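Under the numbering used here, residues -10 to 397 are what the sequence shown spells out, in order.
Quick caveat, the hints were computed from the structure, so don't treat them as lab data. Quantities reported herein were computed from a predicted structural model and do not represent experimental measurements. Note that the Cβ used here is the ideal one computed from N, Cα and C, for glycine as well. Check the hints yourself; a few may be wrong.
[What the hints assert, rightly or not] Mimicking DSS-like on lysine-lysine, the simulated pairs with C-alpha atoms at most 27 Å apart in a straight line are:
1) Lys359 to Lys152
2) Lys145 to Lys177
3) Lys102 to Lys146
4) Lys177 to Lys108
5) Lys267 to Lys(-1)
6) Lys141 to Lys105
7) Lys223 to Lys205
8) Lys277 to Lys51
9) Lys152 to Lys179
10) Lys64 to Lys177
11) Lys223 to Lys105
12) Lys80 to Lys41
13) Lys200 to Lys177
14) Lys134 to Lys146
[Claimed, not checked] Now the in silico label distances, taken between C-beta atoms and shown as ranges:
15) Asn149 to Lys51: 22 to 32 Å
16) Glu38 to Asn242: 12 to 22 Å
17) Lys277 to Asn84: 48 to 58 Å
18) Thr380 to Tyr106: 47 to 57 Å
19) Ile385 to Ile175: 12 to 22 Å
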Amino acid sequence: MNILFLTLSKMEDINQRGIYTDLIRELSNRGINIYIVSPRQRRENLPTELLKQDNINILKVKTGNITATKSFIEKGISTLMIENQYLNAIKDNFNDIHFDMVMYSTPPITFNKIIKYYKKHHNSKTYLILKDIFPQNAVDIDLIKKDSILYKFFRKKEINLYKNSDIIGCMSQGNLDYILEHNNYIDKDKMEIFPNAIEPINRKEKLEKNKQILDKYNIPEDSTLFVYGGNLGKPQGIDFLLKIIDEFYKIDNGHLLIVGSGTEFSKINSHIENTKPKKVSIFERLPKEEYDKLIGCADVGLIFLDHRFTIPNFPSRLTSYMENSLSILAATDINTDIKDVLTQSGSGLWCESTDVDGFIKYAQELSLDKNLRQDMGRNGREYLEQNYDITKTVEILLKHLEGEVKNV
């Protein structure tokens, strides 16, 4: 069986860990042939290239700059062009392959031409992995106006994407409910939960922290280490994060480590350089091996989302924190159901991302109570194994191709 997977994720090493690479490897382990199409952005100055690794084929297509660009216009134009760039490259390189399923994730919402082509010519099942509800998320944080031509243009594409998808896999129940509520033309039978999932590393008992890596980054060995790792952009509600940075000196024995990149990194970094807050460190990029070592030393994983969101975002870094048995402290909008997961699993604490005092109170509680952190970390790890293990999640996907799978 052959599956075509369209993504904006950079697929350099299929053995790296992540929600998409783990998914690809698990499908490959089931004997399915995977054909990945991912971007090779203009800034890389490299041509389109096809790589093969056993039954995994990675087509890296030369595109414009789509991610990590400060120009909304450049990002928009590149995103609109990617559909034709992908389709032409697929025809050039996979013209003799029949695809049983076309699988694609948002962002972007601009793959309709490719989806319709393979539905018509291959009778392919089409599966949308919904990771992003655009353009409403951009409206929520004032990137575009709801009555604008731009919004109407992208909203039309979003509607067509949902219509062209045979199945829509949502990250959480909140995501699913939101889509049905705001798109009454969608048949609820084509909707299902397809959560962020990973191949969990083996459990590790934290006997003691890695002093060498902590010394290297000037983090006190005996501190309670709070870590935020991930995107630093407008969706993270940066103004709230800056307030937390300013107030973090109040956390007894705490240390805040921020590791990430994005459009707002410079703003955060400049703030830290100017105010020189106590107990705070920031790094734009770290070697993955060193970041993993620091996560292994962490005590609390942090999640931030802008308080204005009306859509129920569900950050994938939750799985990384749970995997490492970290207690979790989330500051988000009131609409995401990540707060419900933390409560139900007993894995963390939540406050709205306008409540600085509430956040500091919870951070203080976690910093001083090692038993609480350990209990939450243990609960999160168990919840991950039960709900976010990629071996179980792949079954959700493959049930739609049961006849084909049996013949692989």
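A quick look at each hint next to the structure:
1. Lys359 to Lys152: With Cα atoms ~49 Å apart, lysine 359 and lysine 152 exceed 27 Å; violated.
2. Lys145 to Lys177: holds, 20 Å
3. Lys102 to Lys146: holds, 10 Å
4. Lys177 to Lys108: holds, 20 Å
5. Lys267 to Lys(-1): It is violated: about 36 Å lies between the C-alpha atoms, which goes past 27 Å.
6. Lys141 to Lys105: holds, 21 Å
7. Lys223 to Lys205: With a Cα-Cα distance of about 30 Å, the restraint between lysine 223 and lysine 205 is violated, given a limit of 27 Å.
8. Lys277 to Lys51: holds, 25 Å
9. Lys152 to Lys179: holds, 10 Å
10. Lys64 to Lys177: Since the Cα atoms of lysine 64 and lysine 177 sit roughly 32 Å apart, the hinted pair is violated (cutoff 27 Å).
11. Lys223 to Lys105: violated, 33 Å
12. Lys80 to Lys41: Cα-Cα ~17 Å, so holds.
13. Lys200 to Lys177: Not OK: lysine 200 and lysine 177 at ~52 Å, beyond 27 Å, violated.
14. Lys134 to Lys146: holds, 16 Å
15. Asn149 to Lys51: 22 to 32 Å: Since asparagine 149 and lysine 51 have Cβ atoms about 26 Å apart, the given range 22 to 32 Å holds.
16. Glu38 to Asn242: 12 to 22 Å: Given a distance of about 50 Å, which is not inside 12 to 22 Å, the answer is violated.
17. Lys277 to Asn84: 48 to 58 Å: For asparagine 84 against lysine 277, whose Cβ atoms are near 36 Å apart, the range 48 to 58 Å is violated.
18. Thr380 to Tyr106: 47 to 57 Å: About 32 Å separates the Cβ atoms of threonine 380 and tyrosine 106, which means 47 to 57 Å is violated.
19. Ile385 to Ile175: 12 to 22 Å: With a Cβ separation near 18 Å, isoleucine 385 and isoleucine 175 satisfy 12 to 22 Å, so the hint holds.
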